[in-house]
Amino acid sequence: MLLAITFSALAMTAIVAVRYLLTSGGFAFATSRVRPGLYNGLTPQIRKEVAWSLVSAAIYGVPAGIVAWGWQELGWTRIYSDLSAYPLWYLPLSLFLYLFAHDTWFYWTHRWMHQPKWFRIAHAVHHASRPPTAWAAMSFHPIEALTGAIVIPALVFIIPVHVGVLGLVLAIMTLMGVTNHMGWEMFPKRLVHSRVGNWVITASHHQRHHDEYRCNYGLYFRFWDRLCKTDRGLAKP
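With the first letter of the sequence shown counted as 1, position 143 gets the number 143 in UniProt numbering; the numbers rise by one all the way through.
Read the hints as simulated data drawn from the structure, not as lab findings. Please read all numbers here as calculations on a predicted model, not as lab measurements. Careful: at least some of the hints might be erroneous.
Calculated pairs, DSS-like style, for lysine-lysine (alpha carbon to alpha carbon, straight line, at most 30 angstroms) [to be verified]:
id : residue 1 : residue 2
1  : K229      : K117
2  : K48       : K229
3  : K189      : K236
4  : K48       : K117
5  : K189      : K229
Please model the complete structure; the sequences and the hints are all you need to start from.
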């Protein structure tokens, strides 16, 4: 059993690491084409971002691997694969529930990380990326990585989710984590400034957090920022 759990944890670590390298690498390449020169002079910073991110991949991979093993071998979780187990309307609802729960956890732990003590101990690693690049999405101190790594593995024990929806949650988490740190806005202005865009976080919103530190703490949505009056809008052009 221990060997199987170890293998599953290593496999998930490899998957998270490869997913990071491919996604961040792809968007870094896109940046070099769309915004040539944007990352000039940032090679030492990018090396640190990649190193910290690979450490984070291991921290994310271990609990994910344990959960994957438990799901397959013991049926521990509430992950399901039979579409008839729940009505089809539950699929988009479960997607929203996972994203909102994750966003809520992220908002409050992120604000906690900005307390002087914990910022100095842990969160300063992430904010050392000045400016952030597409490689910075997982550039975390191990303490911060741990706070992020336990969310989805915990939710699968609480909220039923189809395995396909869970994959979509992980894809959205990865894509938004990378695109929000690229240093430029990939979405058209008409979307960013639309009614939907006013509630969803993109690079323009998260860049202001990296510029000013004490605002725009959310991950996916601007709900908590607006409710708690920490939303300062988009970064200055």
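Checked hints:
1. K229 x K117: Since the Cα atoms of K229 and K117 sit roughly 23 angstroms apart, the hinted pair holds (cutoff 30 angstroms).
2. K48 x K229: 33 angstroms, violated
3. K189 x K236: 13 angstroms, holds
4. K48 x K117: 22 angstroms, holds
5. K189 x K229: It holds: about 24 angstroms lies between the C-alpha atoms, which stays within 30 angstroms.
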